[in-house]
Structure formats: structure tokens, C-alpha cells
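Colleague: So you can see what is in the structure, the chains are spelled out below.
Number of protein chains: 2
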Amino acid sequence: MEFLKAVTAKEALEMINSFPISLHTEVIPLDESSGRIIAEDIIAHENIPPFSRSLVDGFAVKVKDIHGAKETNPALLIYKGESRIGEETKETLEDGCCIYISTGAMIPEGADGVVMHEYSRPMGDAVEITRTIHKGENIIFPGEDIRTGSIVLKQGKRLTPFDLGVLAALGIADVWSYKKPKIGLISSGDEIIPVDQKPAPGQIRDINHYTILNMLRKTCSDVIFMGITGDNPEDIQGHLHAARDCHMILVSGGSSKGEKDYMTESIKQLGGKILFHGVNIKPGKPTIFASLWEKPIFGLPGHPVSCIMALTRFVLPLVKRLQGDNNPEKKQTKGVLTTNIPSSYGIEEYVRVEIDYDNKGCTVTPLFAKSSVISSLSRASGYIIVPEAKEGFERGENVVVYYFE
Amino acid sequence: MEFLKAVTAKEALEMINSFPISLHTEVIPLDESSGRIIAEDIIAHENIPPFSRSLVDGFAVKVKDIHGAKETNPALLIYKGESRIGEETKETLEDGCCIYISTGAMIPEGADGVVMHEYSRPMGDAVEITRTIHKGENIIFPGEDIRTGSIVLKQGKRLTPFDLGVLAALGIADVWSYKKPKIGLISSGDEIIPVDQKPAPGQIRDINHYTILNMLRKTCSDVIFMGITGDNPEDIQGHLHAARDCHMILVSGGSSKGEKDYMTESIKQLGGKILFHGVNIKPGKPTIFASLWEKPIFGLPGHPVSCIMALTRFVLPLVKRLQGDNNPEKKQTKGVLTTNIPSSYGIEEYVRVEIDYDNKGCTVTPLFAKSSVISSLSRASGYIIVPEAKEGFERGENVVVYYFE
Chain A
5 MEFLKAVTAK EALEMINSFP ISLHTEVIPL DESSGRIIAE DIIAHENIPP FSRSLVDGFA
65 VKVKDIHGAK ETNPALLIYK GESRIGEETK ETLEDGCCIY ISTGAMIPEG ADGVVMHEYS
125 RPMGDAVEIT RTIHKGENII FPGEDIRTGS IVLKQGKRLT PFDLGVLAAL GIADVWSYKK
185 PKIGLISSGD EIIPVDQKPA PGQIRDINHY TILNMLRKTC SDVIFMGITG DNPEDIQGHL
245 HAARDCHMIL VSGGSSKGEK DYMTESIKQL GGKILFHGVN IKPGKPTIFA SLWEKPIFGL
305 PGHPVSCIMA LTRFVLPLVK RLQGDNNPEK KQTKGVLTTN IPSSYGIEEY VRVEIDYDNK
365 GCTVTPLFAK SSVISSLSRA SGYIIVPEAK EGFERGENVV VYYFE
Chain B
5 MEFLKAVTAK EALEMINSFP ISLHTEVIPL DESSGRIIAE DIIAHENIPP FSRSLVDGFA
65 VKVKDIHGAK ETNPALLIYK GESRIGEETK ETLEDGCCIY ISTGAMIPEG ADGVVMHEYS
125 RPMGDAVEIT RTIHKGENII FPGEDIRTGS IVLKQGKRLT PFDLGVLAAL GIADVWSYKK
185 PKIGLISSGD EIIPVDQKPA PGQIRDINHY TILNMLRKTC SDVIFMGITG DNPEDIQGHL
245 HAARDCHMIL VSGGSSKGEK DYMTESIKQL GGKILFHGVN IKPGKPTIFA SLWEKPIFGL
305 PGHPVSCIMA LTRFVLPLVK RLQGDNNPEK KQTKGVLTTN IPSSYGIEEY VRVEIDYDNK
365 GCTVTPLFAK SSVISSLSRA SGYIIVPEAK EGFERGENVV VYYFE
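Those protein sequences? They're chains A and B, same order as listed.
Okay, so the first sequence: first residue is 5 according to my numbering, each after it adds one.
Okay, so the second sequence: first residue is 5 according to my numbering, each after it adds one.
For the record, the hints were derived by calculation from the structure and aren't laboratory data.
It is possible that part of the hints are untrue.
Unchecked claim - Partner residues aside, some chain A positions facing chain B, computed with beta carbon under 8 Å:
id	residue
1	18
2	19
3	205
4	236
5	370
6	371
7	372
Stated by the list, open to error - Label pairs and their calculated CB-CB ranges:
id	chain 1	residue 1	chain 2	residue 2	range
8	B	140	A	249	25 to 33 Å
9	B	85	A	272	44 to 52 Å
10	A	229	B	44	20 to 28 Å
11	B	44	A	394	40 to 48 Å
12	B	98	A	26	56 to 64 Å
13	A	238	B	226	23 to 31 Å
14	A	391	B	226	21 to 29 Å
15	A	272	B	32	53 to 61 Å
16	A	36	B	242	21 to 29 Å
17	A	146	B	18	23 to 31 Å
18	B	330	A	146	29 to 37 Å
Built from N, CA and C at the ideal position, the CB exists for glycine as well.
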């Protein structure tokens, strides 16, 4: 009987999440670090901003000097020159005076607020201020953005463009990050031919190569395509050997338990250990997870949809661990189902969906199609997980949808 | 008075969306096309799959021969060999017979269903089938995934890894796509220094260079950093000239209307036309949009948060138009506000937020901070738009949140 020992999705994830891995680090230029994972806590060694700056163009003042100022009753302040941007302001503001200041320039000693210059009128050597402000208004103080000694980014965070801004602010031009994992990708199947060949009867072109490779590339991995292997032990083992230097090996196709179960046999013959073969999910059941040369190896179903769903659910979390990502983000939303989704009890089911927004909210439309239908994936922007313990969802229910990455 | 002619966000977007652009195309390898925009409708020139295939390992049968079969009353079929994967199946299935077939192999002529082999028992030269199936079960028919003559991908679509799978299925190894726009990026301000320099009093490091460049790179653009310009017309005009070959120019900083409005003056002196200067938004008000050498040019606020919000709201839509993207996706979700958001009537306001998911749903927590505070952006995963006509949102309201790209 097939898949007698099929595991649950939860059991599969536990095995995957406890697979022992080791991480390596390197120093990379800030400019190349977007999407990479930082390997150390970043502790600020200076205040950002390092000095009090004006947030607007206007006049630096002592707030007490303009108390109660308004259009019809302006405060008159003596004009004492300008605080030039990019330079140190050495002047000290005295009572009853003001200093012109541009956005970003240094606040002069003694000033405790900046009046936007639309609330001012020049009057010879003086300036009329037509509005009162509160203490500290339009000033950003030293350390108000980042305080010396604070942890600004935690080890294990995937760097966004905004994080690069934080690193730039602190002058960190070189970033200590985890190395990108090297992932070996093999397509398997006697029927599979490269994309640029014309299929003879019985043959089809290699789809999974392109979907897997480009999904993984988006996560900052080095994916190396090792070619197509036929359904025979010599060819499979040759391809696995070629991927031996990789941190993870993925084989698409050849994972179903037919008469010729060459994939698990080949892994075993090379000294590997099958950790599971078969998960109670749909689609994606014949997924294999094994340890070979102390590295994780996945056998993914050949059907393009099954392959992508198994990749999304089981492979991506391990890829992210191999990248050092401590807290992977999963973009999601909620929407109202436009049709029923039937599902079997005891199986975790993945339903790819279209997501539509209008004024009223978000609607979610399942794309039902066989697991080999790649065109249905192309229209999907996300997927629903129907838990094992649930027999589907009903039309009108508000369901969680995960975006594809 | 400042920004007397400030436009609304809607007016700004109308000007941006009607800016005349021209698109150019090129042929790129399939392997490099993920994230690029396709420049033609892709019409299938063949059926996918090209032949009837089995979705499982099992026995190809005539469904009428196993009508009513069950564990206790199996149907007996004569075993007639195997349909080998990757080869043409030339045999025709006759009444009362079955042919072994692997997942993906060609269905023999005459068969109209496949019984999974867990519902079979070998009996010498025959096979007992212990379950009945419906017509067509476990078969994918020619054209069921993609039908000859159908439009599988529309011109103007951004290619996902799944779309690459569709193109691979059809044997399209070269993709006719729009060229990546070349975007010139300039940082401006006398106070701005490169990240690897130590700031003197009054100076700060260039943050916007890293945030803008890496946000735009994610959208498949070629961004060329043209350096830092000082706040003087010669330097600004020199930098703009250097970016003349680009399809779009972005300048961060120098857009506020201080006493020295060198940016708009420089654009005008080079023959450009200011389309708007100032938008009724917060943060991001001093944004400039202009036409120079028939190309769009944005002057973005120098404050890092204002800069990113103006980029997100106004620049990204035009970048996507320049990429040929007809229908840009905007990932969003809805969540319950954990605090009030005050906002002024008449101003479109952007509030960056943290998004948290738990069993109960999604909560959205505003990150209030001054517009120059980069560390608040680093913690944000999305933002809320408070419309002009609304004076904020209240705690407990269910609000739409856009994910940062």
C-alpha cells in the first residue's frame, strides 16, 4: 500500500525545522546587501541625527520670545543671520533674536523651536513672527532617530531597503551577513526535455526548472541548475553527485512511488537517509525529504502545481533557515470566498486563488484545476490553506490568503 | 506664501499618469525574464499537454470494464504490458484489458481512465481492480492546461516565476519584453556626505541613495547613482546633465521651497518645465514633478520618510509605466487599528505601520515619528493612506494597509 507512512504537514515541518544546518558569514558591501540576512546585532555607535536639525525652512527662535504671537499681533525679533546647511553653527541665539535656518541645518545654541518661514515677515533688520509654536517644534534632536548604544537591527533580520537606510545613516558601509545558500536543482523524468527542444510524442518540456529557480532567486539564493536526469539510478546518482557541493538539493519529478522508485533508492545507495516520503497534503503528497551528505534534499512532485505548493510549504522555510532568516515574513490578507471549497478531512489542502479588491473589500476566487495545470498558477496571486481538521470552506466565509512570494 | 499652488494627490497622479512616455522592446532569454514585462500577447501554438497523460501511477482501463468493482468484488483485467514514460504509446487498449502506466506517461488509445495502483492486485497475467472510477479520472487531456490558439499571457503583464513555467511549457525560450528603464539618481544637499565618510558638525550621511536605489532595483529597473550635488545651480545642473541619457531622473533633497530654490530654477534654466511643486500630502509635501528633455524628473524631499512615501505614491507608478506594466499589483491587507490616527482634513496622509497576525486576525499599529526618522521605516511593513476627506481613523477601525514593495 502506498504512503502508509505518510506524515502530516505539521510532522513534516517539524522534521524540516529541526534539520541540523550550519551557517557561514561574509562581509558584503552595503550596496549589495538588500534582501540578505544580517549576521550580527547592529548597535548604534553614534546618535542619529548627531546634532539638532531643523525639519523646516524658517527661523530658529526662543519660544518664550514669540509667546502669543499671531497675524494681528506679531512678535518682532532681531535678525541675526543664517545657520548654513552642511556647516557648524557657532552662533548662540540671544533673547529677542532669530536666525534663519534651512531644512536640515544645525539648530543654533539657545534656540528651542523653529517657526516655518510662511509665518514670518521681513521688517528691515528684524523679522515679524505671526504664529506661536511649542517648545521643540520643527526640531529633530540628537539621537531622536537612533540613540547611541541602541540595537537598531537584530541578527537574523532580512535587510529591506529601509534597513539599508539605517545602516547608511550610521556609516556602516560593509555588512556582516550570512552567505547565500547554494541550491542544486535537478529536473527528473524520462519524458522531460529542455525548453528549446521539440517534444516527440510522449515528451514534455521542463517547466519546474523555471518556476523553482525563479522563485528561489527572489529569496536571495544561488540556484544552480544541474540538468535533467533520466529515470534510472546511474543517471540520478550522477546528478546528485554533481550537486554534492550545494547546501541543499532539490529534485523535481521522480518522487511518486511507482514501480520504479529510483529516487529514494538512489539517495539510500549514496548513504542518505529518507526522513519522510509522502505527506498528507493535496496537492504535493509524494514529497520526499531526506538527508544526504549531511545536507537536506527534497524530492518534489513533477506536476507543476504540486511542485510549487510543496516548494512553498516545505522548501522555502528551510531555504530561509539556510539564509539565516530568524523571522521570515509571510505576506497575507483576508477576503470573502466567492465559491465553496470542498476538502477532505485529514488532508491539508492548498487552493490557489485570485485576489480582487474593490471599494467593498477583498474577494477571493479559487482556481480549481488539476495539479499538472501550470496555467492556473499563472493566474493565481495567492493560496489558501485548508487545515487537516476542516472539511473545506463555504462561500461567503472570510478566509486568510497567503501571497505567493 | 509657500506652496500656494500645491496640487492634490489625485491631481498629481493625473499629471504623472498622463506624462507622455515611449517604450522600447528587446528579446531576452526566458531565464532572465522573471519580473520583466511582456511586450506581446502570448498565443499558444500547441496544446499543453500535447497528449493525454496519466496523473498517477496505476492501470489504464476502459471504465466500463470495472463498473461496480470493489475490494470484495474486484474486476479482473488482462495485463497487456506498460506505457513507458517519455515514449509514444502505440498499443491500443482492448476490452477487458489493462496497461500499466506511470505518472506523466501517455494514455493508450482506447483507455478512458486510470486506476491508482493501490487499488489493484496482481493475479498472474491478470490484475484485480478493487475500485470503480469515473470516465476521464486521473487523466489530463490534450489542451486541458493550455489550448492551441488561446492567449495565455497578455501584453503588459509582469512575468512571475509561474508565467515562466507557462512559457517553458510552450517552448518559448526567448521573450519579447520591454526594456528596463534607466533611472538616474542624484542626492542633493550641502550637508550630505557619502556613507564611508565621517560627518563633520552639520553634516549627515546620504541615506536616500540606499533606500531609493534598492526599492527601485526590486522593481526591475537599472538605477544609476550619479553622486551627490551641492546646493548650487552649477553643481545641480552638472549632475542633471550627466543623467540626460536616463529615462527618468530622481533628485532627493533640495525640493523644499527655501530661500534658495535652486532645484526648480535649475530645471527651468535647462529648458525644463515644472509640472507641480508641492502636493497636499503628509509627509512628502515639497515634491517636485517636472519635464526635462522630454523626460520625467522628480524632486523628492530630503527627509528619508517623506522621500520614501513620495517615491511609493508618485514615482513607482511612473516607473511601472516606463517598464510597460499595464496592471501593477499592489499587495494589501486589512487589519484592526490599535490606536487612533489623527489627520488633517484636506491633506492625504501616509502612516507607516507594523502589521501583526495572530489567531484572531490582523492588527495594525501606527509608527508615529517625525518624517526624518529612518528607524521608524525600518520597522514598518506597510502603510495606511488617510484620504483627504477624512480626519483620521479611530482605534478599532478595520483599515486597508498596503505592503511596502
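Colleague: If a hint holds in the structure, say so; if it doesn't, say that too.
Modeller: Verification of the supplied hints:
1. Taking 8 Å as the C-beta cut-off, the interface hint given for residue 18 of chain A is violated, the closest approach to chain B being about 20 Å.
2. With a least beta-carbon distance of about 24 Å to chain B, the hint placing residue 19 of chain A at the interface is violated under the 8 Å criterion.
3. Taking 8 Å as the C-beta cut-off, the interface hint given for residue 205 of chain A holds, the closest approach to chain B being about 4 Å.
4. About 11 Å separates the beta-carbon of residue 236 of chain A from the nearest beta-carbon of chain B, more than 8 Å, and the hint is not met.
5. The restraint placing residue 370 of chain A at the interface with chain B is violated, with a minimum CB-CB distance near 16 Å, outside the 8 Å limit.
6. Violation of the interface hint for residue 371 of chain A is found here, the shortest Cβ-Cβ separation to chain B being roughly 11 Å, above the 8 Å cut-off.
7. A hinted interface residue such as residue 372 of chain A counts as satisfied when its beta carbon comes closer than 8 Å to some beta carbon of chain B; here the least separation is about 13 Å, so the hint is violated.
8. Between residue 140 of chain B and residue 249 of chain A, the C-beta spacing of about 45 Å breaks the proposed range 25 to 33 Å.
9. Evaluation of the 44 to 52 Å hint for residue 85 of chain B and residue 272 of chain A yields a failure: the beta carbon distance comes to about 29 Å.
10. Taking the beta carbon of each, residue 229 of chain A and residue 44 of chain B are about 26 Å apart, inside 20 to 28 Å as hinted.
11. Distance hint check for residue 44 of chain B and residue 394 of chain A: the Cβ-Cβ separation is about 43 Å, which falls inside the suggested range of 40 to 48 Å.
12. For residue 98 of chain B paired with residue 26 of chain A, a C-beta distance near 59 Å keeps the hint of 56 to 64 Å intact.
13. For the pair residue 238 of chain A and residue 226 of chain B, the beta carbons lie near 45 Å from each other, so the given range of 23 to 31 Å is not met.
14. Here the CB-CB span from residue 391 of chain A to residue 226 of chain B is close to 44 Å, at odds with the stated 21 to 29 Å.
15. Taking the beta carbon of each, residue 272 of chain A and residue 32 of chain B are about 42 Å apart, not inside 53 to 61 Å as hinted.
16. Taking 21 to 29 Å as the suggested C-beta distance range, the pair residue 36 of chain A and residue 242 of chain B conforms, at roughly 28 Å.
17. Separated by about 42 Å at the C-beta atoms, residue 146 of chain A and residue 18 of chain B break the suggested range of 23 to 31 Å.
18. The hinted range of 29 to 37 Å is not satisfied by residue 330 of chain B and residue 146 of chain A, whose Cβ atoms lie roughly 48 Å apart.
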